[in-house]
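J.: Spelled out, the chains give:
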Amino acid sequence: MSDAAGTARLRAHAISVGYRSRDVLHDLTLAVPTGQFTALLGPNGSGKSTLLRAFAGLTTLRAGEVTLDGHALSTLSRRRLAQYLSLLPQTPHAPDDLAVGDLVAQGRYPHRRLFTPWSSQDQAICNDAMRLTDVDDLAARPLGRLSGGQRQRAWIAMTLAQSADILLLDEPTTYLDIAHQLDILDLLRRLVRDQGKTIVAVLHDINHAARFADRICLLKEGRIVSSGAPRDIIQPDSLKEVFSIEATILHDPQDGVPVCVARR
Amino acid sequence: MMAVALPALLILPLAALSLSWGDAGLAPGDVAAWLSGDPVAAVLVGSLRAPRLAAALLVGACLGVAGAITQAVMRNPLAEPGLLGINGGAGFAVMLLIVHPTAPTGQWLPVAGFAGAAVAAGAIYALSWNGGTSSIRLILIGIGVSALTGAGIAFITAFGEVSAVQRAMSWMAGSLYGSDWTRVSVLLAWAVPALAATCLLSRELGLMAFDDDTLRGLGLRLQLMRGMMILLCTLLAGAAVAMAGPIAFIGLIAPHLARLSAKPRYLIPITALYGAMLLLAADIMARALMLPAGILAPLIGAPFVGFLLRKQTHE
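Chains as they are written, first to last, in numbering that gives the first Met the number 0: chain A, 0 to 263; chain B, 0 to 314.
Take these hints with a grain of salt, some might be off.
[To be verified] Restraint-style ranges between C-beta atoms, simulated for each label pair:
| no. | chain 1 | residue 1 | chain 2 | residue 2 | range |
| --- | --- | --- | --- | --- | --- |
| 1 | A | G147 | B | L77 | 24 to 32 Å |
| 2 | B | V304 | A | D96 | 18 to 26 Å |
| 3 | B | M227 | A | T115 | 17 to 25 Å |
| 4 | B | G24 | A | R140 | 39 to 47 Å |
Derived from the structure by calculation, the hints contain no laboratory data.
Source: prediction; values computed, not measured.
Heads up, the beta-carbon is just placed ideally off N, CA and C, and yes, glycines get one too.
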């Protein structure tokens, strides 16, 4: 867990999060390596989404703190935070009649003050975001008339328009068919490689995480079981411990990426 | 441009009609004579019709904008300020004041109306607070508080002294009868800052339809915003109810009419124009039929609800 700690801007220091009497995260410490794609994996209820929300400063911590560049998130204003971190919730909601271009434009919110007019720079950033996510042709189309994959790309464009260095995504591929899932993951990969973004995403599919993420973090019952490069993490023992499954790990003959075949 | 032009074009002839038409009809030239000091026109126009026109426009604008705020905060296109307890609270307070044997009445009615509205809205906000508020909790508790005030009003209606209840009921019907410049200027001083503040929040009001996590992720101080919006809505709708009694439907319909043509950025001022236009139209009909405007507003409003439902099912 300490290998990439030197280049981590976002860190959780011994955080505990709980709702009522139930603790969702226990004394969890994690450094998010800058400029890499980190995938959070774990069974339902393991605290993945809660950890992501804690990184976004959206949960009240019982203990510990989350820091960005050494400053506790609680000491930063929401607007300031939004300039550094952008969040895509699991099921984001916006009006169906909102056009894609207008949705993406909302990403500029944290950069605009009460009387700041919309600038050509704002527009250029939105155009870039829509081009990267391949929704530039859909700018005028209302959200209600998009397919699931287009809609998810439009939302990612909005988070990109926020110009934050760190992107936090909660299950960005859920409800999409396999081709669109790969599209989104490939997009995230390119954002890390070409734009230098830092990405933390909650994923469900072990094989997708193995193929697209730089690092995988396995969670179980609010604790991190192991974290590191996919090759080291995707092992029968750790999968058994976290998911209680019997799995065989193969390697893709083309590129050696680990592939998990779960038997039971 | 079209968006502003349409309600404004409708308001102008209605305003002219409202100033010139009445038991004693006036030609346009006679209306203008008011400004040059003609004594007859000064009474008819200057102290009777003009303040009533101003009151209709202002109250309508307040109700429309309060409706737009309620719909945004509650994330529900069918919400109106009544759901924030405004009408129920004001109605209950005024009822209490009127039927109370020793309480002063007259000029205190608007004060009681505003206080009742503010207390009810404040109670709804406070009761829905649970480490923050949410749209659905506001709606549910709003319905609960409205039912409670409704029950209180029904109780007083059933057991109060008949002539007092009669007077209270005529206030509850909602009317612009007897508007004068003093009250109009109080309303003006009250409503204009609140309307201006709401215009400044246009961007945030538009964003309220998004989910909470997305909004906070965008850097919005959600609880602060929601609190401010509910405060503004209470100031606007409370002032309207204090001036004219409870008038339904304007707050529901005006934002929908505005949305048909206005860009989100200009939604608030256009909603104000439509609200003003609707209440002015209702008040002119009210004068023609000798009925309170509050009874006629739903008559104008009901067909619009049908129209909106039709539009939604077609989409």
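J.: Are any of the numbered hints broken by this structure? If so, which, sorted upward?
T.: 4
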